[in-house]
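Visitor: Spelled out, the chains give:
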Amino acid sequence: MMHYRVVVVGGGSGGITVASRLLREARHLSGQVAIVEPATKHYYQPLWTLVGGGAAKREVTEREEASVIPEGAVWIKDAVLEFNPKENLVVTAGGSTISYDFLVVAAGIQIDWDKVKGLKETIGKNGVCSNYSYDYVNSTWENIRNFTGGTAIFTQPSTPIKCGGAPQKIMYLADDYFRKSGVRSKSKVMFYNGGPSIFSVKKYADALNKVVERKGIETHYKHNLVAVDGEKKQATFEDLNTKEQHTVQYDMIHVTPPMSAPDFIKKSPLANADGWVSVDKFTLQHTAFSNVFGIGDSSSLPTSKTGAAIRKQAPALVHNLLSLMRSEPMVNEYDGYTSCPLVTGYGSLILAEFDYNLEPDETFPFDQGQERFSMYLLKKEMLPIIYWDGMLKGLM
Amino acid sequence: MVTVKATDSGKSVDDALNAVLNNPDVQASLVLALEKLPMVMEQYASIERTLGFVTAVLKDKESLTNLMGGLKQELPPVTLDHETLVALLTLLDKLPKLVRYLELLETGADFVESVLTDKESVKYLLDNAKEWVEPWESKVRQTLSHVETARKRAESDNTPVSVFSLMKLLKEPAAQRGVHFLKAFLEVAGESS
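Residue numbers (the numbering used here), protein chains in the order written: chain Z, 601 to 996; chain E, 18 to 210.
Check before you lean on any hint, since a few could be wrong.
Said to hold, decoys possible - Result set (BS3-like, lysine-lysine): computed pairs, CA atoms no more than 25 Å apart in a straight line:
#1 E:K136 with Z:K641
#2 Z:K657 with E:K140
#3 E:K136 with Z:K979
#4 Z:K843 with Z:K720
#5 E:K140 with Z:K641
#6 Z:K780 with E:K147
#7 Z:K979 with Z:K803
#8 Z:K979 with E:K114
#9 Z:K715 with Z:K833
#10 Z:K780 with Z:K802
#11 Z:K802 with Z:K786
#12 Z:K657 with E:K136
#13 Z:K725 with Z:K677
#14 Z:K912 with E:K147
#15 E:K147 with Z:K657
#16 Z:K717 with Z:K641
#17 Z:K657 with Z:K686
Stated by the list, open to error - One side of the interface only, derived from the structure: several residues of chain Z facing chain E at Cβ under 8 Å:
#18 V660
#19 R663
#20 L978
#21 E981
#22 M996
If you're looking for bench data, these hints aren't it; they were derived computationally from the structure.
Just so you know, even glycine gets a beta-carbon here, dropped at the ideal spot from N, CA and C.
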C-alpha cells in the first residue's frame with residue numbers, strides 16, 4: 601500500500617494549483633504529495649468559447665498532463681473509485697489502495713450528456729454542437745460559419761455548470777458573426793435558460809439584458825432542454841414552472857449539457873445531499889473529516905464554478921492545510937470570489953467579478969459592467985498565460 | 018536552616034561545626050554531593066580542557082594570523098562599528114516587512130521566468146500579436162504602394178492641366194466628399210461666428 605503525506609484527487613485546475621502551491625510553500629513535502637489523475641491531457645477550457653466562435657485554435661488549449669505536474673509531486677495515473685475517509689484511504693480503479701495523512705479533493709464536474717434524450721447520438725452533427733468537449737468544440741465553429749439563416753438556439757440547463765456565463769457568450773459571438781456574414785436579418789436567435797434570469801449579479805444582469813435587447817435575442821427562462829431529435833432538427837423544452845413540454849424547430853443548436861458532481865464523489869461518504877464534497881465555505885475543510893479539504897467544481901462551495909474562483913480558493917486551502925499540519929488554528933478564509941469574463945462579441949467583454957454575497961468585487965479601477973475591448977484582450981491574450989505559467993505553477 | 022556564628026575561640030567553632038554536621042539535612046546533602054562529585058569533576062575537566070585549548074589558540078599567534086587571514090579572504094571586508102550594528106538591528110526590525118515584499122518580487126520574477134521558459138506560451142503570444150498587427154501592416158503596405166504608383170504616374174504625365182481636366186477631377190467621389198466636407202465645415206464655422 602502506498603502512503604503519502606498529502607493525496608490530491610484530480611489533476612485539473614484545482615488539483616495542480618493546490619499541489620504547486622503546497623510544494624512552493626512547504627518544500628519539505630517534496631515527494632510526499634501525490635496527484636491521482638487518469639487523464640493524459642490537460643485543457644485550458646475557458647478558451648473554448650473563443651474556439652467555438654472561430655477566434656482561437658483548439659490546439660492551443662491542450663497540453664500534456666505530465667507537463668503541468670509540479671516538481672516534487674508524484675503523478676499516479678489512475679482514477680479514484682472509492683473513498684474511505686475513516687481509514688484515510690482511497691481505492692483506485694487500477695486496484696491500488698493509497699493511504700494519506702491529508703486529502704484534497706479536486707475532482708471537477710461531470711458532464712451528463714445522457715440526461716438530454718437523443719443528445720449523445722446527434723452531438724457534432726445535424727446542426728447540434730457544444731463547446732463543452734474538446735472533441736465537439738470545433739463543431740460549434742463549423743455550424744456558426746456555415747449558418748445561412750433560420751433559427752439558432754442556445755441552451756443553458758438549470759443544473760450548476762462550469763462557468764455560468766459561457767452558454768450566452770457563444771450566443772453573442774454567433775450573433776456577431778451572423779451580422780458580419782450578412783445572415784442575421786434572416787435569422788432568429790433564441791436563448792433557452794433553465795435559470796430564472798440572464799445573470800445572478802444585478803449589475804451585470806442589467807448590462808447583459810441591454811446586450812440581449814440590442815442584439816434582438818429572444819429569451820426563455822426556466823426552460824430546460826430535455827430532448828433533441830437530430831434527424832428532424834427539433835428540440836424539446838420543459839417549462840420548469842408548468843412542467844409542460846414544447847418542441848421547437850432549429851437550424852443550429854448549441855447545447856450546454858446538464859452537469860453534476862462526479863459519480864464516485866456522489867456515492868462517497870464525502871458528499872453532501874446534492875452529491876458535492878461537503879466543505880466549510882470559508883476554510884474549505886470538510887464538514888465531517890478534518891483532514892480532508894475540497895476545492896473547485898466538485899466542492900459544495902456556493903459560488904460560480906470557474907477557474908478564477910479556484911485561483912482564489914487555492915491559497916486559502918493551502919494555508920489552512922499547512923496550519924492544520926502544524927497544529928495551528930486555520931485563519932485563512934475564502935470570500936466566494938469568482939469571475940466570469942462575459943464575451944459579448946468579437947472584441948468586447950464585460951468582466952464580471954463577485955463574491956458570496958453576489959456583490960461586485962472588481963479588480964480594475966473602472967466600471968467593469970461596460971463592454972470593453974481591453975477586457976477582451978485580457979481574456980484572449982493574457983489569461984491563458986496567467987493560467988499556464990502563473991496559476992498552475994502556484995504563483996498566482 | 019542551620020547558621021554558624023563566627024566566634025573568637027576555637028572551641029566554639031568546633032561546637033558549631035559539630036552542630037552543623039550532626040544536622041541530618043546537612044548529612045544527606047553531603048552524601049548527595051559526594052555521590053555527584055565524579056560527574057562534577059568530569060565536567061570541570063572538560064571545561065578546563067576547553068579553556069586550555071582556547072588559551073593555547075590565543076597564545077599561538079601563527080594560528081591566529083592564519084585564521085584571520087583566511088576569514089578576510091573568504092568574507093567581504095566588513096567594518097564592524099557602532100553604526101554597522103545599529104543598521105543591522107534596524108534591518109532585523111524591518112525584516113518581516115521586507116520579506117513580504119521580497120516574496121512578491123520572487124513571485125513576479127518566477128512568473129516572468131515561467132513564461133519565458135514556456136515555449137508554448139511564448140509562441141501563443143507571438144502568434145496572436147502577429148494576428149493583431151497583420152491587418153494594420155497590410156493596410157499600411159497597401160497605402161504606401163498606392164502612393165508610390167501615384168507618384169510614378171504623376172512623374173510620367175507631362176500633359177498640361179486644363180480646366181476640363183480639373184472639372185473631371187472634381188467629379189471623382191473622393192474629391193466630391195472632400196469638397197462637401199469643406200463646404201459643410203465653412204457653413205458650421207460661419208454659423209458659430
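Visitor: Are there hints from earlier that the structure breaks, and if so, what are their numbers?
Guide: When the structure is compared with the hints, numbers 8, 10, 11, 13, 14, 16, 17 and 20 turn out to be violated.
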